Amino acid sequence: MTTHTIRKGFDIKIAGPAEAKIESCPEPVLVGLQPAEFLGIRPKLLVKEGQEVATGEPVLLDKSRPGVQLVAPATGRVTKVVLGQRRFPDRIEITPAAEDRFFDGPRLDADRLDGTSRDEVIEALEGAGLWPYLRQRPLGKIAAKDRVPTAIYVNGMDTEPLAADPAVAVQGRGEALQAGIRLLRRLTDGPVYLTTATGEQPAEFRGLQGVEQHQFSGPHPAGLVGTHIAQIAPLGPDQVVWYLKAQEAATLGEWVISGRYPTHRVVAVAGSAAPQRRYCKVRQGAALLTLTGGQPLGGDLRVINGTVLSGVASDAMGVLGFYAQTVSIIPEGSDSRELFGWARPQFGRLSASRAVFSWLMPKDRYELDARLNGGPRHIVNIGQWERMTPLDIHPTFLVRAVQAGDLEEAINLGLLEVTEEDVALCTFADPCKIEVGQIIREGLDLYETEG
Amino acid sequence: MKLLRNLVDSGRKLYHEPGSKLHGVWPLLDAFETFLFTPSTPTGKSGPHVRDYIDLKRTMWTVIVALVPCLLWSFYNNGYQHFLAISQFVANGGANPYLAQGEVGAAIAPQIGWLQWVIFGSSYAPDVAAPGFGDILVFGLQQMLPILFVSYFVGLNIEGLFAVLRKEEISEGYLVTGILIALIVPASVPLWQLALAVAFAVVLAKEVFGGTGTNIFNVALIARAFLFFAYPAQMSGDFVWVAGNGSQNLIDGYSGPTALAAAAQTKLEANHLASEGIPDLVGSAAEAVEAAGYTFWDLFIGLVPGSAGETSALCALIGALVLVVTGVGSWRTMVAGVIGLVSASLLMMVTAGGLDGIGGLPPHYHLVMGGFAFGIVFMATDPVSSPETDRSKWIYGFLIGVTTVLVRAVNPAYPEGVMLAILLLNAFAPTIDHFVIAANIRRRKARFG
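If you read the sequences in order, they're chains F and C.
The first sequence finishes on residue 451 if you use this note's numbering, and the numbering steps up by one all the way, no holes.
The second sequence finishes on residue 1449 if you use this note's numbering, and the numbering steps up by one all the way, no holes.
Source of the hints: derived by calculation from the structure; they are not laboratory data.
Take the hints with a grain of salt, since some may be wrong.
[Claimed, not checked] From chain F, some residues computed to sit far from chain C (all C-beta separations above 10 Å):
1. Thr95
2. Ala97
3. Asp114
4. Lys141
5. Gln171
6. Pro234
7. Pro296
8. Tyr323
9. Glu332
10. Ser334
11. Leu350
12. Ala352
13. Gly374
14. Cys432
[What the hints assert, rightly or not] Within a straight-line C-alpha distance of at most 25 Å, the following computed SDA-like cross-link-like pairs (lysine to any residue) qualify:
15. Lys281(F) with Gln239(F)
16. Lys281(F) with Gln171(F)
17. Lys1445(C) with Ala404(F)
18. Lys44(F) with Asp114(F)
19. Lys13(F) with Pro1042(C)
20. Lys1002(C) with Gly348(F)
21. Lys1002(C) with Gln171(F)
22. Lys21(F) with Ile232(F)
23. Lys1045(C) with Arg186(F)
24. Lys1021(C) with Tyr1231(C)
[Stated by the list, open to error] To give an idea of the chain C side of the interface with chain F (calculated C-beta under 10 Å), a few residues:
25. Met1001
26. Gly1210
27. Ala1292
Computed from a prediction, not measured in an experiment: that's the story for all the values here.
All residues carry an ideal CB built from backbone N, CA and C; glycine is no exception.
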């Protein structure tokens, strides 16, 4: 086991962490899929409104990645397909029946797993609708099966603000996690890494076979896979690694063991505006209302599928995202404006900079709302991005290279080592309010079309 | 406050939406609105959803706070130098400009400045040999307030104009530049020249490049350089550093050389004496500075003639503390600049024989003389015109220190080197960054052999 210490970065101490106990949520009255959360997807619907589907039955496939498909997380009737711009299906809504009827999809024999070929495993994962859990670097998209990854990273820690603690999420699922890792070992000739926080390890992580464990300490982004890759084995030219979160590996393992589509996930509900802050065991794709007590949330709130750094804001009828392990609920703050806010010392406002004087009297947790706290400007570099970046890259120069459309320079400067989540802290801490993540994604898109 | 907020909210309706009555000039109104109340603009739907409380306004405000000691000092020192000069002038037989001169009937009226007239009345006759604190401060304010006003008025109007043309929010960069310009010009600067310099610098050194964040040179230094090259008579020599009243300098004939000029003189006089076959008896540069009436502590505190607000190394040091603690100014640039200055001046002392001119000046004098302390703290650290990686900041700061000594010692016409040093290194900043970045790229490639 190796320990890595990350020094640069910042922990956003936002109010409202979830209490570390798992409750079972009621079954949702609506489940759904939102294809837009899969970057670059070109969905082709396999179901029509009014059609009955079984749990695990394919609902749509991705024309841009042959073989990849999404399946129904519950048994029931497809009640609505919400179409967006250019007839893109924004949401496929299913009204669940009382009982699960499982679709007879592909399965793997748990006992003979170690003898199964890589192609068989891939085909079965795709058929079961679980393939999208495997994502790849570079790009941070669904893994491309035609390339063998040099390693697979199973992330057993999360340093994003209010994020679900993977140690809680996999509680009591040690056997499934082990099965998931055996499965992953079929997909790579290289190592499978388990990355965890330092300190005492939960029972589920101890004694796992077939993984190389690395521990990380330090402020966010110490828990991001991008940081782990750069510390453990930086990506060489033409190398690809795959990654997923510990709970996702356990979900794969549950599918291997039971042979049926694993329907439930453990999700942290957190944030200062969340009515109840706790971990929920809830059906995948459940309407977010299920997590907030069934009542529509009143007032000026933002419900986020994911964390406040990397999640996506959801509308009132939104459903739990495929990857979301955290649902954050924070105030919008759309009516809050401070008189001379920029000139006052602001002892009570969170900042990574000492030009906001809260560092003189630090608090454990800060109320944050969803305001920009400033106006967009050109880059004026007072070093905030660099203070947030433990990777050996110069974010300012990388961003400028992307903005100038200089792909070669951008790649030389580390474009392929990062995704939105790795630079989210830069966006957070930037006095000029530049959307660094969007620029990085533009660069990655450019790489895909030209590179 | 609630009333004000309602006023702002209803005012917002007049310009915020496209098509509303005043939408054409929204950047101006938005600047005013966000000056009063922080904006409530929401973050995007795909995150990050929460943001740091720092913005560019606060960043620039922090620099302004750091500049306050220098600003206050400029109010005091310009008055102090004024009365000191007059009292010496009078002691040497000159006429006191605050008293009527000449025969009864043909008398020249005493010359009193506008603020002195407002506060003390038309019969103001200060004791020039022992002026009170009020006398000093009123004169200093009388010189500085118009300079500040002209600097901000011209600069902000041009910024506003370009923001409206570009349809983007007004950037706060000029809030700092405006004070910087006021502090680095002589307090005797003619205001029309200052206005021209500001307009030149803001338009040609900043707006044509795209505004704050995209300029290559420090805007305040460009304004200073414009004045220096366009109006050398008003901007250099021994006669400009102490301000008087009226358009005609009433203490004309009073020569108040800066400490740097005094040190530079030693070389010229030494040569002169040598050419006449007289042995070199001038003494060291440091002695020449002391002979001109400036002790080290005068120089450190800043009680010497010079540009309006950059004489005090002490005030610059306080400002440096604010910038470094808040993380807004780069301590690397400052430390590297001091290291560069000290090592270059030590080298100069050793190799130049230790006597002639500024080259013979010991490092601790270099640190406190002229505008070096002010320049390295407030202008070398300008985040836009300086290089951006930590490593390049070390190189950049060091070279500014070295170049400052070189300009001071080698250039006989203009002994103040820090302005030219910073401008020169501004030009090289992208090159320094380029090499540091190239090294980073090589290092990253080397990880795979």
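Here is what the structure says about each hint:
1. Distance check for threonine 95(F) against chain C: the nearest CB is about 26 Å away, which clears 10 Å, and the non-interface claim stands.
2. At the 10 Å boundary, the C-beta of alanine 97(F) stays outside the reach of chain C, the nearest C-beta of that chain being 33 Å off.
3. Listed as a non-interface residue, aspartate 114(F) keeps its Cβ farther than 10 Å from every Cβ of chain C; the least gap is roughly 32 Å.
4. A cut-off of 10 Å between C-beta atoms confirms that lysine 141(F) is not in contact with chain C; the least separation is 15 Å.
5. Non-interface call for glutamine 171(F) relative to chain C: holds, since the shortest CB-CB distance, roughly 28 Å, exceeds 10 Å.
6. The beta carbon of proline 234(F) sits about 5 Å from the closest Cβ of chain C, which is not more than 10 Å, so the claim that it is off the interface is violated.
7. No beta-carbon of chain C is positioned within 10 Å of the beta-carbon of proline 296(F); the least distance is around 19 Å.
8. Against the 10 Å criterion, tyrosine 323(F) stays outside the reach of chain C, whose nearest CB is about 13 Å from its own CB.
9. In this structure glutamate 332(F) is not separated from chain C by more than 10 Å, as the shortest Cβ-Cβ distance comes to only about 6 Å.
10. Non-interface status of serine 334(F) relative to chain C is broken: a Cβ of that chain comes within 10 Å, the nearest being about 5 Å off.
11. With 10 Å as the threshold on Cβ separation, the claim that leucine 350(F) sits away from chain C is violated: the shortest Cβ distance comes to roughly 7 Å.
12. With 10 Å as the threshold on Cβ separation, the claim that alanine 352(F) sits away from chain C is violated: the shortest Cβ distance comes to roughly 6 Å.
13. Not every beta carbon of chain C lies more than 10 Å from that of glycine 374(F), the smallest distance being close to 3 Å; the non-interface claim is violated.
14. Against chain C, the non-interface label of cysteine 432(F) is violated: not every CB pair exceeds 10 Å, the least being about 6 Å.
15. Between the alpha carbons of lysine 281(F) and glutamine 239(F) the distance comes to roughly 36 Å, so the proposed pair goes past 25 Å and is violated.
16. Among the hinted pairs, lysine 281(F) with glutamine 171(F) is consistent with the structure: their alpha-carbon atoms are about 11 Å apart, no more than 25 Å.
17. A threshold of 25 Å between alpha carbons decides the hint, and for lysine 1445(C) with alanine 404(F) the separation of about 22 Å falls inside it, so the pair holds.
18. About 34 Å separates the Cα atoms of lysine 44(F) and aspartate 114(F), which puts this hinted pair outside 25 Å; it is violated.
19. Proximity of lysine 13(F) to proline 1042(C) is assessed by CA-CA distance (about 20 Å); at most 25 Å being required, the pair is judged to hold.
20. Annotation: proposed proximity of lysine 1002(C) to glycine 348(F) holds, straight-line Cα distance about 21 Å (limit 25 Å).
21. Annotation: proposed proximity of lysine 1002(C) to glutamine 171(F) is violated, straight-line Cα distance about 51 Å (limit 25 Å).
22. Between lysine 21(F) and isoleucine 232(F) the CA atoms are separated by roughly 32 Å; this puts the pair beyond 25 Å, and the hint is violated.
23. For the hint pairing lysine 1045(C) with arginine 186(F), the CA-to-CA distance comes to about 38 Å; that exceeds 25 Å, so the pair is violated.
24. This hinted pair does not check out: lysine 1021(C) and tyrosine 1231(C) have alpha carbons roughly 45 Å apart, beyond 25 Å.
25. Taken as an interface hint, methionine 1001(C) checks out: its beta carbon lies about 6 Å from the nearest beta carbon of chain F, inside 10 Å.
26. Against a cut-off of 10 Å between C-beta atoms, the interface hint on glycine 1210(C) holds, since the closest Cβ of chain F lies about 7 Å away.
27. A hinted interface residue such as alanine 1292(C) counts as satisfied when its beta carbon comes closer than 10 Å to some beta carbon of chain F; here the least separation is about 40 Å, so the hint is violated.
Hints 6, 9, 10, 11, 12, 13, 14, 15, 18, 21, 22, 23, 24 and 27 from the list above are not met by this structure, while the remaining hints are.
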